[in-house]
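**Q** Take a look at the letters that make up each chain.
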Amino acid sequence: MTPGIDDTPVDLAGLGEGLKRLLCYLAASARGLLTEPAEYGPLRLMEAASRLIETMQVAGMSDPALEKAFHHIERSKEQLLSGAAGFGESVDAVLDAILESE
Amino acid sequence: MDVITAILERRSVRRFARRGVEPEKLGHLVKAAIWAPSGSNIQALHFIVVTAPDMLTALKSVAPGLFSLPPAVIAICVDRQRAMSKGGTGGSLLGMMDACFAAQNILLAAQAEGLGTCVIRSFHQGSVRTLLQCPQEVVPELLVTVGYPEEPLPRAPRRRPWSEVVHLERYAGAGASALGLEGGGDP
Ligand SMILES: Cc1cc2nc3c(=O)[nH]c(=O)nc-3n(C[C@H](O)[C@H](O)[C@H](O)COP(=O)(O)O)c2cc1C
Numbered sequence: 000m001t002p003g004i005d006d007t008p009v010d011l012a013g014l015g016e017g018l019k020r021l022l023c024y025l026a027a028s029a030r031g032l033l034t035e036p037a038e039y040g041p042l043r044l045m046e047a048a049s050r051l052i053e054t055m056q057v058a059g060m061s062d063p064a065l066e067k068a069f070h071h072i073e074r075s076k077e078q079l080l081s082g083a084a085g086f087g088e089s090v091d092a093v094l095d096a097i098l099e100s101e
Numbered sequence: 000m001d002v003i004t005a006i007l008e009r010r011s012v013r014r015f016a017r018r019g020v021e022p023e024k025l026g027h028l029v030k031a032a033i034w035a036p037s038g039s040n041i042q043a044l045h046f047i048v049v050t051a052p053d054m055l056t057a058l059k060s061v062a063p064g065l066f067s068l069p070p071a072v073i074a075i076c077v078d079r080q081r082a083m084s085k086g087g088t089g090g091s092l093l094g095m096m097d098a099c100f101a102a103q104n105i106l107l108a109a110q111a112e113g114l115g116t117c118v119i120r121s122f123h124q125g126s127v128r129t130l131l132q133c134p135q136e137v138v139p140e141l142l143v144t145v146g147y148p149e150e151p152l153p154r155a156p157r158r159r160p161w162s163e164v165v166h167l168e169r170y171a172g173a174g175a176s177a178l179g180l181e182g183g184g185d186p
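Taken in order, these protein sequences are the chains called A and B. Residues in the first sequence are numbered from 0 upward in steps of one, following numbering that gives the first Met the number 0. Residues in the second sequence are numbered from 0 upward in steps of one, following numbering that gives the first Met the number 0.
Next comes chain B alone, as it looks inside the complex:
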């Protein structure tokens, strides 16, 4: 699958088939995450792969943004101490940004493997940290659910019209049509 197809066809999947995800496929996703860019190359991320049903159930109970029980969750955590020591006072923000880039790599790699994913930010950080037994300086920033999607696949939530959000040279410059973009909204 080429990258642009993966980008356009990816949807946030919130219903998964019961089938588990092969460990080597989860390994591919984590490898993709590790090779994401890193601000100042701080390399402050940790990835905790959760597949045990009792752990997933416990995570779900403190994650209001998690709507069904997925076969796997990858928790993307930032070592804030390392982020600050390598990235200066802005290190925490860099760590957070790194987590987002890593998450996007996971989503696209999963799409290429035929897997569905959803990024989850609505969870109680302290409780997830406790459940995952992270040390104090390691903070879970994003959870990514992973599994084989249940049919039917979700419809794409609309994007704003391109003419509203794409600008050429300056904010007031209408950019969409000059860049060959017509319409918008649907992929």
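Chain A on its own, in the form it takes in the complex:
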């Protein structure tokens, strides 16, 4: 364990495991996107972002800005999947959540 945000211990083994799974996800997405509809590209990127935050949460590396970003990411995915408007705005809100915290 290594100190992380606010001295919460970081689970490096868990982090490594999560990142390896994310690597598989990225490669599997790249393979699939060769034949899938173009709008799945943004969806896969947001899903990757969401999986990265989950990995950081499990490893004890999350913070309020990431939690807020996670909420906007989940909304963006739902918008894209249900055909509702607002995907672009939700993605902007993800960036705002992270940049405003700096």
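Hints in this document: simulated from the structure, not taken from any laboratory. These numbers come from a predicted model, not from an experiment. The beta carbon of each residue, even a glycine, is placed where N, CA and C say it ideally should be. Some hints could be false.
Okay, derived cross-link-like pairs now, SDA-like style, lysine to any residue, Cα gap no bigger than 20 Å in a straight line [to be verified]:
no.: 1; chain 1: A; residue 1: LYS19; chain 2: B; residue 2: GLY125
no.: 2; chain 1: A; residue 1: LYS76; chain 2: B; residue 2: ARG10
no.: 3; chain 1: A; residue 1: LYS19; chain 2: B; residue 2: SER67
no.: 4; chain 1: A; residue 1: LYS76; chain 2: B; residue 2: PRO148
no.: 5; chain 1: A; residue 1: LYS67; chain 2: B; residue 2: SER67
Pulled a few chain A residues facing chain B out of the computed Cβ check, cut under 8 Å [what the hints assert, rightly or not]:
no.: 6; residue: CYS23
no.: 7; residue: TYR24
no.: 8; residue: ALA27
no.: 9; residue: ARG43
no.: 10; residue: GLU66
no.: 11; residue: LYS67
no.: 12; residue: HIS70
no.: 13; residue: SER81
no.: 14; residue: GLY82
Now the stretches of chain B that chain A is said to cover, found in silico as 3 or more residues with beta-carbon under 8 Å [what the hints assert, rightly or not]:
no.: 15; segment: 36 to 44
no.: 16; segment: 56 to 63
Here the structure of chain A is known, so what remains is to put chain B with the ligand in place on it, guided by the hints.
**A** Same frame as chain A, but now just chain B with the ligand:
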């Protein structure tokens, strides 16, 4: 629950409650799948029921179309060798069609049991085959996630207006109103 209610109320569920699915209910779903029609009765399907958390996590990592961790996944696999030997050169396609009919039976049986499901096709077939230790000729074609749905239930993605897609006698024949269908879009 009658069939038409199950058809209209079924939605692709992508968020599940933490509660696991009773093994006998998963058994009912597989039984429903086995009793789906089969082209030339090739009977080339295999059903792999996955409930172990580490296996589900591994599947999720190679399935971009799987958005949350479900309590169970039923992998519908086609034995392509059997499909070709029983169904001729078109056997692979028949096997794929059989997999789709089996999947629909699972979705409707699950709906009747109060369970939510989602068909997943966006996954890396080779990696899923490796994880599930399928022999070379057995190919996973669809994954069906199964679990108790988390509230709120998803809204129905719209369908095209019936007047656009329903035809009577021939393509140019406006069919929807003649068949008593007005509107469309929502269930
Ligand atoms: C062949 C097939 C493949 C699908 N693949 C996926 C998938 O990989 N991931 C996913 O979340 N949904 C998948 N779906 C679900 C569709 O997105 C969904 O059925 C569609 O949006 C209509 O919504 P409904 O099922 O709630 O009526 C698939 C559906 C079918 C029939």
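**Q** Work down the list of hints and note, for each, if the structure agrees.
**A** Each hint tested on the structure:
Between the alpha carbons of LYS19/A and GLY125/B the distance comes to roughly 18 Å, so the proposed pair stays at or under 20 Å and holds. A hinted pair counts as satisfied when its Cα atoms are at most 20 Å apart, and LYS76/A with ARG10/B qualifies at roughly 16 Å. At most 20 Å may separate the alpha-carbon atoms for a hinted pair to count; LYS19/A and SER67/B meet this at roughly 17 Å. For the proposed pair LYS76/A and PRO148/B, the alpha carbon gap of about 18 Å is at most 20 Å, so the pair holds.
Under the criterion of a C-alpha separation no larger than 20 Å, the hint pairing LYS67/A with SER67/B is consistent with the structure, at around 18 Å. Because the smallest distance between the Cβ of CYS23/A and any Cβ of chain B comes to about 4 Å, under 8 Å, the interface hint for this residue holds. Checking TYR24/A against chain B by beta carbon gives a least distance of about 5 Å; that is within 8 Å, so the hint holds. With 8 Å as the threshold, the beta carbon of ALA27/A comes within range of chain B, its nearest partner Cβ sitting at about 4 Å, so the hint holds.
Taken as an interface hint, ARG43/A checks out: its beta carbon lies about 5 Å from the nearest beta carbon of chain B, inside 8 Å. Given hint, GLU66/A at the interface with chain B, is violated; its Cβ is 17 Å from that chain's nearest Cβ, farther than 8 Å. The beta carbon of LYS67/A comes no nearer than 19 Å to any beta carbon in chain B, farther than 8 Å, and the hint placing it at the interface is violated. With a cut of 8 Å, the hint placing HIS70/A at the interface with chain B is violated, because the nearest CB-to-CB distance is about 14 Å.
Here the hint on SER81/A is kept, as its CB sits about 6 Å from the closest CB of chain B, short of 8 Å. Proximity of GLY82/A to chain B holds as hinted, the smallest CB-CB distance being about 6 Å (cut-off 8 Å). Taking a C-beta to C-beta cut-off of 8 Å, the segment 36 to 44 of chain B contributes 0 residues in contact with chain A, too few for the three needed, and the coverage statement is violated. Using a Cβ-Cβ cut-off of 8 Å, 7 residues of the segment 56 to 63 of chain B lie near chain A, which meets the minimum of three, so the contact claim holds.
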